[in-house]
Amino acid sequence: MQLEVVVRRLELEQLYTDYVHCLDTDQLERWPEFFTEDCFYRITSAENYEADMPLGLIHATSRNMLKDRVSALREANIYEPQRYRHLVSSIKIVEERESAVDMMANFLVVRTMQEGDMILFAAGRYLDQVTFADGAWKFARKDVVLDSCQIDTLLAIPI
Amino acid sequence: MQLEVVVRRLELEQLYTDYVHCLDTDQLERWPEFFTEDCFYRITSAENYEADMPLGLIHATSRNMLKDRVSALREANIYEPQRYRHLVSSIKIVEERESAVDMMANFLVVRTMQEGDMILFAAGRYLDQVTFADGAWKFARKDVVLDSCQIDTLLAIPI
Amino acid sequence: MQLEVVVRRLELEQLYTDYVHCLDTDQLERWPEFFTEDCFYRITSAENYEADMPLGLIHATSRNMLKDRVSALREANIYEPQRYRHLVSSIKIVEERESAVDMMANFLVVRTMQEGDMILFAAGRYLDQVTFADGAWKFARKDVVLDSCQIDTLLAIPI
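Chains as they are written, first to last, in our numbering: chain D, 369 to 527; chain P, 369 to 527; chain V, 369 to 527.
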């Protein structure tokens, strides 16, 4: 392994780190910047994913759609009493293709309510395509594959 | 620290990453390949571990025994409605000996039932001996030390 | 990125790894050694942190105060039937200043009682200042910012 390979791996892991902190500090307006302009993003269940169902609970085919989602979230949730915490581990470079790097990682999201109640909110894996665009690594595609088949209908936040 | 040291560390972390994804994607048939032929594998409780009790809930002294376990699991669980998700962090190289590298890591396993219920299934640490064999890093020994003294009797999956 | 930068990043991540294993193996007497002599340590809630409230539930302004805390814990908890497991991820170097490195990381602490009950004990983030002192990286400041506003009054262990 060359130094360049090591550095690229650390940079790719850094992308996940920055992504997570953006979400957990509720800086949603910065969230679309982690994606390419013509990105694909969705949240789906493992069952749907394995059955090759194209759509998910949340589904976007461009960065602008992600921005719209953030706007909608901000209008809907004037007062947000809960906090989310992402734990991400086992980040793996699956394949380096010419146009993108296929990656996967495990995640767990814990939600803490204002009164202190904590719950396991979501667990699953990211299946991503990462590409270098505009001077930074960005998600060209992100499939958030939840272990659960049933999804909290209140789920509206990005994961 | 030399580049070789950095690369080895990343390779060793990679072993844990691959191990976790193998389990979480239910590719159990590939699981024994993460171990040496004469490996030692067990799942035990922290209490038993500290009392130096030699056996555990699950106990294997060769890769073939791990293969047998997978076969038994496949026969028993024709239909498996739950999903497991491993979070592994704080992977540490404890000591580099001539024949093996002593490592430890923390893990948390979350189980999601088909209906969507999520539980903390297991937490604890891996205490491992890793060696380079047949062109890859493999576990020569893996002690899965659970924080809990009482173990779900349904526990059958590898951790 | 140069090799030195890679190595420093791994060393800084290693600090968190060692810190976590020190706590989870209940080697509390070693815990103050992860801090500088004139360190600042506190556990506070996200709400208090954002409101810029100076104090927290636990608050120390020197390594000696941390040692006193450990002594108090040892006297109070003659028998400790629970185990804690820290999961730490998304460790980020926020800024490298001349005197210290600003870092942040996400954590989740799971508590397992002797009878086997597991709970989400705490989630949140570390906001740290790390400095090189006495031949090792140490925490000059550590703010443990819990997602919860209400904190278990039994909380006494370091996080």
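These are calculated hints, taken from the structure and not from any lab test. Keep in mind that the hints are not guaranteed to be accurate.
Where chains are identical, the list cannot tell them apart; a pair therefore holds if satisfied intra-copy or between any two copies.
Calculated cross-link-like contacts (lysine to aspartate or glutamate; reagent style EDC-like; alpha-carbon spacing at most 20 angstroms) [said to hold, decoys possible]: (1) K460 / D394; (2) K460 / E401; (3) K435 / D470; (4) K435 / E464; (5) K460 / D436; (6) K435 / D511.
We went through each hint and held it up to the structure:
1. K460 / D394: Result: close only across copies, 17 angstroms inter versus 26 angstroms intra.
2. K460 / E401: between (22 angstroms within a copy, 18 angstroms between copies)
3. K435 / D470: Classified as neither; 24 angstroms inside a copy, 30 angstroms across copies.
4. K435 / E464: Answer is neither: 29 angstroms inside a copy and 32 angstroms across each miss the 20 angstroms cutoff.
5. K460 / D436: Answer is neither: 30 angstroms inside a copy and 29 angstroms across each miss the 20 angstroms cutoff.
6. K435 / D511: within (17 angstroms within a copy, 32 angstroms between copies)
This entry does not satisfy hints 3, 4 and 5, going by the numbered hints stated previously.
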